[in-house]
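Participant: Those protein sequences? They're chains A and B, same order as listed. Taking the numbering used here, the leading residue of the first sequence gets 5, the next gets one more, and so forth. Taking the numbering used here, the leading residue of the second sequence gets 5, the next gets one more, and so forth.
No lab work stands behind these hints, which were simulated from the structure alone. Fair warning: there could be bad hints in the mix.
Since copy identity is lost for identical chains, a pair holds within one copy or between any two.
To be verified - With a straight-line cut-off of 27 Å between C-alpha atoms, the simulated DSSO-like cross-links for lysine-lysine are:
1. K283 - K328
2. K319 - K283
3. K297 - K319
4. K319 - K280
5. K233 - K309
6. K230 - K319
7. K266 - K73
8. K297 - K309
9. K105 - K328
10. K233 - K55
11. K105 - K320
12. K320 - K297
13. K320 - K233
14. K249 - K317
All values reported here derive from a predicted model rather than from experimental measurement.
Number of protein chains: 2
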Amino acid sequence: MNENGTKITTFKKPKAGSSGKHYAPEELVAGILSNNIAALSKAITLVESTKQEHQAIANRIIESCLSQKKETLRIGITGVPGVGKSTFIEGFGKMLTQMEKKVAVLTVDPTSSKTKGSILGDKTRMQELVQDPNAFIRPSPSGGSLGGVTRKTRESIILLEAAGYDIVIIETVGVGQSETAVHSMVDFFLLLKLSGAGDELQGIKRGIMEMADAVAINKADGENLKAAKLAEVEFRRALQLFPPKENGWIPKVMRCSALQNKGLEPIWDVIEEFVKTSKANGFFERNRQEQNKSWLLQHIEQSLKNDFNRDAKIKKMLPNLEEKVMNGTLSPFNAALQLLAIYRNK
Amino acid sequence: MNENGTKITTFKKPKAGSSGKHYAPEELVAGILSNNIAALSKAITLVESTKQEHQAIANRIIESCLSQKKETLRIGITGVPGVGKSTFIEGFGKMLTQMEKKVAVLTVDPTSSKTKGSILGDKTRMQELVQDPNAFIRPSPSGGSLGGVTRKTRESIILLEAAGYDIVIIETVGVGQSETAVHSMVDFFLLLKLSGAGDELQGIKRGIMEMADAVAINKADGENLKAAKLAEVEFRRALQLFPPKENGWIPKVMRCSALQNKGLEPIWDVIEEFVKTSKANGFFERNRQEQNKSWLLQHIEQSLKNDFNRDAKIKKMLPNLEEKVMNGTLSPFNAALQLLAIYRNK
């Protein structure tokens, strides 16, 4: 817990005058490994920084943290706004900390740079979990593209796991490709749903159903219970139409009421069953390996693109050629050839 | 029409001994502009070639063709296997040629390299359209990634339009991201469906509904007519749940029977209405401009990646670092840094 007695860390930028020494990587690593929240938060801030000097330190920290081999679990949670994600994570997280698990919550929200952290920026969210000494909550990093946000999230996962968090929950809202991004960094992907045709279609249309390892129909309480039971049957039927998953897992459909703290344990049981079977058949490990590989390739791709876009000559030429391409006076392929020729001879 | 009296051009690779002179770009351009099918086919073969010398010629041809400003229409057609795409395109294409339109059909099928052109490789498909002097049918280019196939398709569109084809139909089967790729290169996107719950969900889950400008429920004939009418109502209701399109167009739902040649004219009426309204409000032109711009950026990205992957040092280093990353002994970010440092100092 930091000096304010809260573990919500804001997007504090390192002060202009602060020297690299202030962030001695060895100290921060030592701090992380002893679960010092201030050190962990500082390291995540370095990960999130766009300054090259900070990134260099962050890379050294990540490398040290990576050597810590721990049994961890990464759970992705998604659902449309209003489905009750915060309430769910609050209840689910508290249940896990009561089981002596240490739980961290991260968010992937590419819109947070526009809305200043809409998902978790509001400190009134997850009020109880925030105060739980075995929980750590961090809002989505600000600044930019989904690629940037996911990279920072992936790096933060490594730090959190080194700091002793057994379970990292990654929350996302259904914006653009953010679900796909979160799916690519977790072991288990949970889709929260509401009963009601409109919402069902909203979820299905973005291909999220295919990614889900389980679907939980939330707000299955009070007058809503009957509709939730119907939705449960419908989703189970719908899921049968999908081709079987490569890991052999058959996605489960459940009901819960995060508000009333009902149905959360069965969801955890399903996750445990998933972990058990997918560790037994090797999928768990293979999936993480494949994820690592695709992080590498994505990171290279992003860097190559950044190099190109930052090139002085390209910056000068691109707008002009782009306009010609848009006007149809130059083919996209020829414009690309011209730009690449300039870039290669830099 | 070529020497065999058929316009299906196979994947003939230029012979090893053939010189660049054999493909004089000026001659080919002149041939294309006079709608010489042999010249057009040869030019498309050059576009599809992976040889750098062929690509250089292809680029010159494309540039010349691009200067031909013509009123053209690009229609994307998708649907699951068995929905009757070939029969539909055969009937629809013939209807258009009877209206004095010249029609070209291309396919985007990233699986065709594995299955040797599964979609259109079979010469028995579209037997009547193939023989129509006002139609030109070309199977999916072989060879590789979706990115490669879509690039070749985009370039072929330019050649076909220069050759005087008013309407280019781009067909795809619902594999991976191929619908998104086709959507990114057409003016109008038509989704073919069958009545029946299984198929409906299959279509919806991949987010295709969102892209469709019209949905046509095919095989609405005989015993199937009642179910097709029901599906029509359901789809219309489902489409209402989607947010309105940026061009203000409300997607239409129709029934047809390609086999019985029924309901094809109303589909053409809808397309004409779409073209009229989207030209009036400027969307048609703006959409093509945006497409051109994204072709440029995608092409640059792909080239940067290719450069990297072809680099001798990278080729040597990558497998080793990739393995370390997969094993978890090296972070993806650090591996990327190492590779990029080597690459930048090449």
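Participant: Next step is simple, just say for each hint if it's right about the structure.
Facilitator: These are the hints, each one checked on the structure:
no. : hint        : verdict
1   : K283 - K328 : between (54 Å within a copy, 21 Å between copies)
2   : K319 - K283 : neither (49 Å within a copy, 33 Å between copies)
3   : K297 - K319 : between (31 Å within a copy, 15 Å between copies)
4   : K319 - K280 : neither (52 Å within a copy, 38 Å between copies)
5   : K233 - K309 : neither (48 Å within a copy, 49 Å between copies)
6   : K230 - K319 : neither (59 Å within a copy, 59 Å between copies)
7   : K266 - K73  : neither (34 Å within a copy, 65 Å between copies)
8   : K297 - K309 : both (19 Å within a copy, 16 Å between copies)
9   : K105 - K328 : neither (58 Å within a copy, 30 Å between copies)
10  : K233 - K55  : neither (51 Å within a copy, 60 Å between copies)
11  : K105 - K320 : neither (53 Å within a copy, 43 Å between copies)
12  : K320 - K297 : between (35 Å within a copy, 17 Å between copies)
13  : K320 - K233 : neither (60 Å within a copy, 57 Å between copies)
14  : K249 - K317 : neither (47 Å within a copy, 37 Å between copies)
Violated hints, listed in ascending order, are 2, 4, 5, 6, 7, 9, 10, 11, 13 and 14; each of the other numbered hints is respected by the structure.
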